[in-house]
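J.: If you want the building blocks of each chain, they are given just below.
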Amino acid sequence: QKEVEQNSGPLSVPEGAIASLNCTYSDRGSQSFFWYRQYSGKSPELIMFIYSNGDKEDGRFTAQLNKASQYVSLLIRDSQPSDSATYLCAVNSGGGADGLTFGKGTHLIIQP
Amino acid sequence: DVKVTQSSRYLVKRTGEKVFLECVQDMDHENMFWYRQDPGLGLRLIYFSYDVKMKEKGDIPEGYSVSREKKERFSLILESASTNQTSMYLCASRIGVSYEQYFGPGTRLTVT
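Keeping their order, the protein sequence lines are chains A and B. According to my numbering, the first sequence is numbered sequentially starting from -19. According to my numbering, the second sequence is numbered sequentially starting from 1052.
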């Protein structure tokens, strides 16, 4: 059974600080990793994906992958109130054409 | 930009009705997916399709069927709607295995 674990939160971060979101996964064969942002009542929006160990930066967002530790993280620099949302971690083991295994999400609150 | 559209944002149906949810993507993606999302349970995969006329069961296929007659369109069918199928239904598509997946806006279905 493939599992993706996230702390449900809420994670409260002051405006302008760095928000750090973490995710662990159980399938060591996982090959691609994704972060989605979901506002209340809306559908998930892809914000980052990472395939290789290390860091990947896109604007204020940095995804970090450590396959040896089976750990993925998302850093949000200079956090804004508009970053308040639920962040879903998703993992694809690449074994077939099936969908992703999603974590249940971390609720992030950016306090002005 | 990838665009995934769903036929309705909100839908109210009666118990026992046959319900059709339609999803269309405009990026020539091979793979398409149907999920449902419920509070506390996260995203759960109902069915997916990796090609026209091909379909595979996901984690919770009971009470649902799907149809993919054209590459851009993937339909979810509730054969006889029940109250426990009240949920947010999300369609998604991607170009192929291990690649990023994009969601439609979702259909909030209420079965009374």
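Because the hints were derived from the structure by calculation, they are not lab data. Heads up, a few of these hints could be off.
Once the Cα atoms are required to be at most 25 Å apart in a straight line, the calculated SDA-like pairs of lysine to any residue come out as [unchecked claim]: (1) LYS1122(B) with GLU1073(B); (2) LYS47(A) with GLY1093(B); (3) LYS22(A) with TYR1115(B); (4) LYS22(A) with MET1105(B); (5) LYS1069(B) with LEU1129(B).
The following residues of chain B were derived to be distant from chain A, with all beta-carbon distances above 10 Å [as the list claims (entries may be wrong)]: (6) LYS1064; (7) GLY1067; (8) PHE1071; (9) GLU1113; (10) SER1118; (11) SER1133.
Source: prediction; values computed, not measured. Ideal placement from N, C-alpha and C gives every residue a C-beta, glycine not left out.
J.: Compare the structure with the hints numbered earlier in the document and write down the numbers of the violated ones, lowest to highest.
T.: 4
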